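Now for the letters of each chain:
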Amino acid sequence: MEEIRKEIATIEQSAKRLKELAREMPGISKNADIILTFTFLLKFITPVAK
Amino acid sequence: MKYWNPYTETMPQEQLDAIEFAYFKEYLAYAKTHSGMYKEKLKEVNVGDIKTIEDVRKIPFTYKDELRAQQEKEPQNFPYGALLGVDVAEVSAFRQTSGTTGKPVYVPESYESWQWRVESWCHILWMAGFRPRHRVFLPVGYNVYVAFWECHYACEKVGCEVVPGGALDTKGRVNKIIEIKANAMGCTPTYGLNIAEEAMKMGIDPKKMGIERMICAGEPLPEATRKKLEETYAAHVYDHIGGTEICGWAAMCEEQKGLHIIEPFFLIEILDRETLSKEVAEGEIGVVVITPLGRHSFPMVRFNTNDMVVKGKGGCACGRTSRKIMEVVGRADDLRKIRGVLFSPKTVEQFIREEFPEVVEFEIVVERKGIMDELTLRTELQPNIGKDKAEEIRARVKETAKVKTNLTMNVTLEPEGALPRYDLKARRFKDLRGKE
Chain A
1 MEEIRKEIAT
11 IEQSAKRLKE
21 LAREMPGISK
31 NADIILTFTF
41 LLKFITPVAK
Chain B
1 MKYWNPYTET
11 MPQEQLDAIE
21 FAYFKEYLAY
31 AKTHSGMYKE
41 KLKEVNVGDI
51 KTIEDVRKIP
61 FTYKDELRAQ
71 QEKEPQNFPY
81 GALLGVDVAE
91 VSAFRQTSGT
101 TGKPVYVPES
111 YESWQWRVES
121 WCHILWMAGF
131 RPRHRVFLPV
141 GYNVYVAFWE
151 CHYACEKVGC
161 EVVPGGALDT
171 KGRVNKIIEI
181 KANAMGCTPT
191 YGLNIAEEAM
201 KMGIDPKKMG
211 IERMICAGEP
221 LPEATRKKLE
231 ETYAAHVYDH
241 IGGTEICGWA
251 AMCEEQKGLH
261 IIEPFFLIEI
271 LDRETLSKEV
281 AEGEIGVVVI
291 TPLGRHSFPM
301 VRFNTNDMVV
311 KGKGGCACGR
321 TSRKIMEVVG
331 RADDLRKIRG
341 VLFSPKTVEQ
351 FIREEFPEVV
361 EFEIVVERKG
371 IMDELTLRTE
381 LQPNIGKDKA
391 EEIRARVKET
401 AKVKTNLTMN
411 VTLEPEGALP
421 RYDLKARRFK
431 DLRGKE
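Protein sequences, first through last, are from chains A and B. FYI, in our numbering the residues of the first sequence are 1 to 50. FYI, in our numbering the residues of the second sequence are 1 to 436.
In case anyone wonders, no lab produced these hints; they're calculated from the structure. Here the structure is a predicted model, which means the values were calculated and not measured. Fair warning: there could be bad hints in the mix.
[To be verified] For each label pair, taking beta carbons as the anchor points, the in silico distance ranges come out as: (1) Asp431(B) with Ile34(A): 56 to 62 Å; (2) Met1(A) with Leu342(B): 37 to 43 Å; (3) Ile34(A) with Glu66(B): 57 to 63 Å; (4) Met1(A) with Lys404(B): 29 to 35 Å; (5) Glu414(B) with Gly27(A): 55 to 61 Å; (6) Glu279(B) with Met1(A): 49 to 55 Å; (7) Ala9(A) with Met1(B): 34 to 40 Å; (8) Arg427(B) with Gly27(A): 41 to 47 Å; (9) Met1(A) with Glu179(B): 41 to 47 Å.
For every residue, glycine included, the Cβ atom is placed at its ideal position computed from N, Cα and C.
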C-alpha cells in the first residue's frame, strides 16, 4: 500500500502543477481539477491502518 | 476479483473503527468551518475534545426537519441556504429528496462529493455481482431524485454498460430489455414486479427476459418481495439501504444475509430507540445515525435517519470484515398507532408477497370514522380469477391480516388497473386521519 500511496501523491502533485500552468486555459485546468477529485478519492480509500 | 477494494473490505474491524474515527474528526472540523448550519449548531463543540466514541455521542443530532429550515437561510446560496458546504459555484448537480415526509430538501452535489458517493455505490454494485459483462437497464426517468443517478454513474465506473430507460412506458421498457438483451436491471422492487406483470400480459415469461441480476433501490425490500422478484425473473436480486441526504451506506453481498456497512465511508451508529445515547447490542433493533465522512458539498454530522435496523454480527462468509445490519425494520415515522395498536405497513407487504401470489397490487388506507380508526386493505388480483376464488382469497387475506397485525381490516377487491402503479417510490399506505 505504501507504494500505491506514493504514486497517488505523485499524481496529486502533478495535477496541482498542471492546474497552476494552465491558469488561463479552462479546458486543461478543469481536467486537472477532475484528476484532483480522484486523487482525493484514492487517498480516502487507501487510509493508513492504525 | 471478489472485492471492489480488498484493502478496506478485509481490514480488521478495529482498524476500520480507528480510521473512521480519525475521518470523523477531520469531517467535523470541515463542517464547523464550511457549513452555515454547523458553524452555528456546533459552535460549542471543540474538535480537540473529541477523543473517544463516547465524546461523539455528545454531539447533537441533525434532523431532517431542521434541514428544511436551514435551506431558507443564506439567500446567496439559494436554494441550498445554510446547508451548503462549498462555494455555490462548485455545485455541479442539483438533487432533492422525494418529499414523502414533507417539503423536499434540496441537495447540492459538487463534482468531488458526487464522485465520492458514486464510489460508495460501486461497492453496492460490486457486492451484488455487477461486472463489466453486464448490460444494465434502468427502467426509470431519474428526474431530480438521486438513487438511479448514483446507480447509473456507478454502473459506468465498475465497467458495466448502462442503458437509461426513461421516457418509455412499461410495455416499451419490456420490449427494450428484450431488444437490447439487457442482462441486469436496477429499479424499485415495486416497479420490478410491475414490469413482470406487464410482460406476462404481453405473453412474455419474465424468466425468459434474460435478466440475471437486479439491484433494488428507492424503497424498502422485504425479504418476501426480494424472493418473489428472484422467482419471477429467475435472477439474483440484491438490496441496499441509503438516503438522499447521506448516500447508499449498506448493501447485500452474494451471501444475501443482511447488509454490509460500506466502510470506511461512514460513521454509523445504531442507537437504542428510547435514549438515543448508546449503541445497541448485536441482534437488537436500533435507530441509525450516520455521518458520511467524505462528503463536503452537503455536510451532515450525525444525521438521524429514523431508519430502524437490526444490528448484525461482524464478519461474513464472503470474507468482508465490515459490520452488518441483519434487517431493515422500517422507518420510525412509518409506524402508526391505529386503534391503540402499533402498525407497520411493511408487515402487510411481507405477508402479501409471501402468501398471496394472486395479489398483484395493494394499498392500505386508514381513515377516521366518528371516533374509530378504520383500516382498509384494497387489493387487486391477477386477471381471470373467478368470483368464488377471488372471494376466498379476500377472506384469507382478511384473516391473515388480523393474525399478523392484530388489527381487523376491511379487505376490498378492486377491478384490474384500479390501483396506482409506481416506477419510483411506491406510496401504498395512506393515512387520511389528519385530513378529516
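Results of checking the hints against the structure:
no. : hint                                : verdict
1   : Asp431(B) with Ile34(A): 56 to 62 Å : violated (46 Å)
2   : Met1(A) with Leu342(B): 37 to 43 Å  : violated (49 Å)
3   : Ile34(A) with Glu66(B): 57 to 63 Å  : violated (33 Å)
4   : Met1(A) with Lys404(B): 29 to 35 Å  : violated (51 Å)
5   : Glu414(B) with Gly27(A): 55 to 61 Å : holds (58 Å)
6   : Glu279(B) with Met1(A): 49 to 55 Å  : violated (30 Å)
7   : Ala9(A) with Met1(B): 34 to 40 Å    : violated (25 Å)
8   : Arg427(B) with Gly27(A): 41 to 47 Å : holds (45 Å)
9   : Met1(A) with Glu179(B): 41 to 47 Å  : holds (45 Å)
Checked against the numbered hints given earlier, this structure breaks hints 1, 2, 3, 4, 6, 7; the rest are met.
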